[in-house]
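These protein sequence lines are chains A and Y, in that order.
Number 529 marks the last residue of the first sequence (this note's numbering); no jumps.
Number 1067 marks the last residue of the second sequence (this note's numbering); no jumps.
Please note that a few of the clues may not be correct.
Okay, the calculated beta carbon distance ranges per label pair [stated by the list, open to error]:
hint	chain 1	residue 1	chain 2	residue 2	range
1	Y	Glu-846	A	Gln-199	26 to 34 Å
2	A	Ala-378	Y	Arg-878	54 to 62 Å
3	A	Gln-199	Y	His-235	44 to 52 Å
4	Y	Glu-142	A	Thr-439	36 to 44 Å
5	A	Phe-400	Y	Glu-142	40 to 48 Å
6	A	Asp-388	Y	Ile-1024	43 to 51 Å
Chain Y stretches covered by chain A per the calculated footprint, using a threshold of three residues with CB under 8 Å from any CB of chain A [to be verified]:
hint	stretch
7	245-251
8	895-902
Subject to a maximum C-alpha distance of 25 Å in a straight line, what follows is the list of computed DSS-like cross-link-like pairs (lysine-lysine) [stated by the list, open to error]:
hint	chain 1	residue 1	chain 2	residue 2
9	Y	Lys-669	Y	Lys-658
10	Y	Lys-646	A	Lys-442
11	Y	Lys-236	Y	Lys-286
12	Y	Lys-262	A	Lys-442
13	Y	Lys-429	Y	Lys-452
14	Y	Lys-929	Y	Lys-646
15	A	Lys-442	Y	Lys-466
16	Y	Lys-717	A	Lys-204
17	Y	Lys-126	Y	Lys-429
18	Y	Lys-1020	Y	Lys-466
19	Y	Lys-717	Y	Lys-730
20	Y	Lys-339	Y	Lys-309
Everything labelled a hint here was simulated from the structure, so no lab data went into it.
Glycine residues also receive a C-beta, built at the ideal position from the N, C-alpha and C atoms.
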Amino acid sequence: MYTCLYLDQHLSKRSAQYSTSALIRLAQDYSPRIELYGPCLVMMDMHGMSQLYKTPQEIGMTLRRAAADRGLVVRVAVSATQTAALLITQARSGLTIVPLGSEAAVLDPLPVTILKKLSQVQDSSSDKKSKRQKRDQRDLHVAPAVMSVPVGVCLSTIQRWGIKTLGDLAALPDQQLFGRLGSFGRVLQRIARGQDERPLVCKQGRDSVEQAVTFDWPIERLELLSFELARLLHLLCETLEYRDECAGALHTQLILVSGKKYKRSLRFATPLRDAQELCALILLDLEARQLPEGVNGMTVSIDTVPNRKLQYSLFTSAVPSPERLSILVARLKVLVGAGRCGVAELIDSHYPGAFKMQEFRPKSLEEKHGKHFEDKEAVLSLLPAVIRRFRMPVRAQVTVGKLSGRPVSLTVETQRVISGRIVGSSGPWRSSGNWWEGETRNLSRAQDHDIASHPWNRDEWDVVLSGGSVYRLFRDRLVDKWFVEGVMD
Amino acid sequence: MYIELHASSAFSFLDGASSPETLVECAAALDYPALGLLDRDGVYGIPRFHKAAVAAGIKPIIGSELSMRINNCHSRNVGKSDQGAAWKLPVLVETQQGYKNLCRLITHMKLGAAKDQDGLSLEDFEGHTSGLVALVGRQMLRGDRHGVGGLVGRLVGIFGQKNVYLEVQRHLLRDEEHDNQALLALASAYRVPVVATNGVRFARASDRPLYDLVTCIRHKTTLARAGNRLLRNAERYLKPPTVMKKLFSDVPSAIRTTHELSERLNYTIKDLEYGFPDYSVPSGETVGSFLCKITEVGARERYRTYDERVRKQISRELDLINKLHLGGYFLIVWDIVNFCRQHGILVQGRGSAANSAVCYSLGITAVDPIGMELLFERFLSEERGEWPDIDLDLPSGERREQVIQYIYKRYGKFGAGMTANVITYRGRNAARDVGKVLSIDQDQVDRLAKIMPRVDQADLRKSFTKCIGNTGVDPKQQNLNLFGELWMRLQNLPRHLGQHSGGMVICRGRLDEVVPLERASMPNRAVVQWDKDDCAEMGIVKVDLLGLGMMSVLEDSLAIINTTSHQIDLARLPADDPMVYQMLQAADTVGVFQVESRAQMATLPRMRPERFYDLVVEVAIIRPGPIVGKMVHPYLRRRSGKEPVTYSHPLLKPILQRTLGVPIFQEQLLRIAMVAAGFTGGEAEELRRAFGNKRSKRRLKQIEMKLRLGMRKKGIDGHVADEIIRSITSFALYGFPESHAASFALLVYASAYLKVYYPAAFYTALLNNQPMGFYSPATLVKDAQRRGIRFTEINVQASDWNCKVDIDGAIRLGLRYVVGLRKEVGLNIESSKNMVQSLDNVVEEQRFCSLDDFVSQIGVRRDELVTLAEIGALNMFGYDRRSALWQIEHAIKKRGQLFSESVVEPSESPLPKMMPSERTAADYEGTGLTIGPHSVSLQRSALAVRGVLRAVDLLRMRNGRRVRVAGAVITRQRPATAKGFVFLTLEDETGIVNVIVRPKIFEKQKTIILEQKFLLIDGCLQRQDGVVSIKADQCQSFFISGPSIESYDFH
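Assemble the whole structure, with the sequences as input and the hints as a guide.
As structure tokens, then:
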């Protein structure tokens, strides 16, 4: 006897994950042999339960009641075969008991299109599909082990034949059907007759590991919270070790005194399983954001990923472990702010010195000793001079020769060192762009990383002062002001 | 004095942002004495540049930027997109020979390489550099195959020391200046002069956004992502000479050289050495005498009463032809027409050629211009000094291609070419491209593309905001103003080069020395780089070979009819047959040439044509000219006697008498100018052109003055003169030539005649030449069935690829209508033959013995087989459609040799038979039409309960009655002249229903009207002069799951 549980609710993706976990727990409470067929779809093997539940009706009613107690509305089908139970849950709500030996008769009026629901979801993320197609696909449910046939192709042929119900399909002559659709046809027909193709495979879907705690008194300080956090993470990491898995992401949910929920999620570049490190990361993250009020409870859940496998080499240079590096980067971000920590990368723009910050990822040894390294050396050797840019261009007063139109003297009031008579100049080198952006850039407010997303129009000059130092000046033509951009080595 | 020698226009196709005219205008404003136009890999803009420059008093210098290839060598700065053509070599034309060489080099590049991979190698220049001057600039530094120095040396070797200049440009860029120093050093080392240019890509600095826009379109990217592909600054504009002089103050010789070089470059396109090919005449004959002879022979044949009037007209025409040395041209067109006749290809000249009695005598045209009193000056006049325009209508498709290939064969690969069609930015395509570049959401771009053509460019901002508001797009959105601005500036800029539908130019000698040739998208064709107007401007003769679907239909119909005992000749159809006119008066014209449109069908019952000339008027009257000029209703009222026939002036009576005092044809306009204002024929034609093109306001004013003056001399003044001028100005642009209408009217009569007397052949030919006309094949089949034509289904044992008429007179549908069936498979089926022994031991010829035999013989795919089974094409093997579907799944399975004969299949299938509605749906899905019951008839009982009337019932209803009708939508029309009214045509099993939807109702129920295949309409019946239509009050959908019927929308 098999019982199929199928959640009878339209849920968001996130809620569906949560509900599936709840459904699994429910199923596990009543049977040790369960199989997860797909999101919100669980098959239970109820053989040998006759001492506990006298009739299939009783099994079904018990499960529905238990589900309702947990806030779940489920469809339940009890049948001698998995296939019949599965198909019935896809077609009917409530509780359905399929009498022994009547599987085919019960399935008979169901439309053949129901077979579509058993097909695998493929390419659901493909951009080329329409919204409607994607929505349809979201409604499909995965039962890979039951349906390994290309239902789409076979079903269109079957529909073309004028076959409308599973009964019509079941009634087709076996041999002739096999001669036309091959083994796929036979499988489909067996399914239409409610016959099982394979036994139940006890398998539990990967779910998140979770621990929760509720406090008697609100905790207002992070240090006090850290003790409880460490305890929870210790328990979670023990579970991970037992399952030989690691944490790919960690979700913390704090229940605040006001009843509001405060959620944080961390995703790790490398899988982690050390409770102390995980604790440090959560605390650093919380430290960067002041807790708004006291905490009444806490839930920590971990998205598990397979354990990391490492093969160290004799020739690998000593670099900080990924765990330590993650903590270091997290600390730096706390110090300097998000978007200001990482690696500078040039962006495709004519704006002088335009760059953006990328996440810091250490290069492997091969990359370091490979082509890039050689190229870098070659590039450095070719450069005639290096300009050291001021982090913010310095406002300057420049006198321009009346006849020549070239700058003749430079004065920077805030830094007298870079003032003086100009004895040589090269320019103007003109650049302008982003004319399609509406707002004119304000140099005093602009952040380095978004400086190139505003219109600009400037003339650059490379000037030699009487003292021998070389500077790069530019005149912002939009606001008609001079700036010193950097100094040449 | 600085002269800009390196400017590129928008004819560099997305690599320039100003038209040649704008560049010339700017150059004139800056007092340039000369300007050099060098477009990328072509001379596309040269005719327009030449014309504008001459008008502005600037010396036009021509050249081109040639794409150069780097062969298997290391190159720096060559990105992925630059592979193949890697650097540009600007060349300027010094002499006639130089121009020829340039054209040949470009032709070599364009014809020798696959699209987008073109480029010349230095070897290609060998022997083709005479008269060309090369500007070696910064671009050359990218092509460092031989080392930069070596490359300069090589170029000096190829072009000669005096013909190579080192080109330096200054756009205020650091790296460019670095390269300039290298170029100056090279110039000194190789002792070649340095010349300064600015590499102009747009006329004014303010055009930089437009150039960035086209750059993004060229690179298929957005402004936000274009990055370094955009220009670094806006310095590539046409700078004042003083600014250039200041920029190159350290190299003054570079400025001086521009002047010296421009003095050398004296070639102008006016010196184009184009000649029309000679026609080889029999010995002892001249072109003139031979033309006279064959014209006379033809005239005697065509004019059975070859009287003095005809003789005089032909003699007058021949005199003018000989005087203008156009005899060869007529002979060549005659030769083409002869080729068509010899190969059984229908041909008919149209356009202004139909005004010529010589053309009629030579068999080029089919309308007698003397009998119809057509004006010869419309065709040819001494004053105009232009080549005459002869258009030939040919059957579309393969037969037209046969004629084109004959011309290529006769005049050589480099002696003929198709004229180009420059695709320019207009409302919709401009909106789409601008939207993409500005990263506007795709849905919004679609909406904007729909409204932009309606935006008034004169008052863009206000009109734009108003239009935007109606579409639901937020007008305050950040990018929209920029969108509107760029869209407006992009208007009329060239986007790419296409091929003209039929214009062909031929040349004595090599055409590729007159204008470069390019590879066309169709095989074995070449396109010249100029469009038809530019060709005409340059004095190149064009013959239009236009494909006309109806010519194919007529030809195919004749072929079918003449295989039977009946034999007919299109040239000898009985004139003014009453049955034909009866059909036309009843507007039963689905499938008839030109008069099958909704508007024509609504006019025919009011017009009630009774003779051939009525058809000429009918063809010409439903056109924008008469509609905009409000001539239609006055003519129809006068015709039906509801309004008296009056004339503005007694002088106009002889001209307008035939059209009841209402001007309808262009020729009438010319005659009015000749009679009322004393214009000569040539002057009148000039007048038409001037008003038609509206190019120069000053010119228009001049002509109007001349017209008024002439009329005053004849005593026409005041109100009458004003009225004549108004009718001329409103009519000149859209008026239809009488000769053209007469040529079309012949086809109208011929097609109507065939429809009346040989409907099976006519419909068969129509079905074999789809797509064409206004109606889908499904509608044509239903129309034919209502006329009593029988159709038989597609059947692999009997159907050919094309439809055919069976011995019993029924039309057998062809395999071409099977959706997804490959043509080669269809032809395979058609050509299969087997000898089969029947049960009575009679051996008969059949294509296939069984389904298995069919599958094994023909390389048919599973999907094709499924469609054939679904539409009943396999029923002849003893199955119904479902059984066939069941059997093919078995037949298509590949079996090994061992089991090939062992599997015995029961012949009955366990599947249910198709219901009638399923069969109809399968027919539409598999063939796009059905010969079974109309899909609406399947719903008739349900519709009758709802009080829905049939199309045939409406004929008995009185005017003003409220009715409810329903049918499949076969056309949706919204003519620009109809003030927002929408016209729908519904079809049911008994006929078609015309529905008029008012703008308010349309706006309210737009989605239903545009998207539903079947509509149920409530409205008021209108009956006007025998035309029945329904004025819709409400539209609703029905039969939502019905078959998908193709409709002809908004064409």
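**Request:** Any hints from earlier that this structure breaks? Give me their numbers in increasing order, please.
**Result:** 4, 5, 10, 11, 13, 14, 15 and 16
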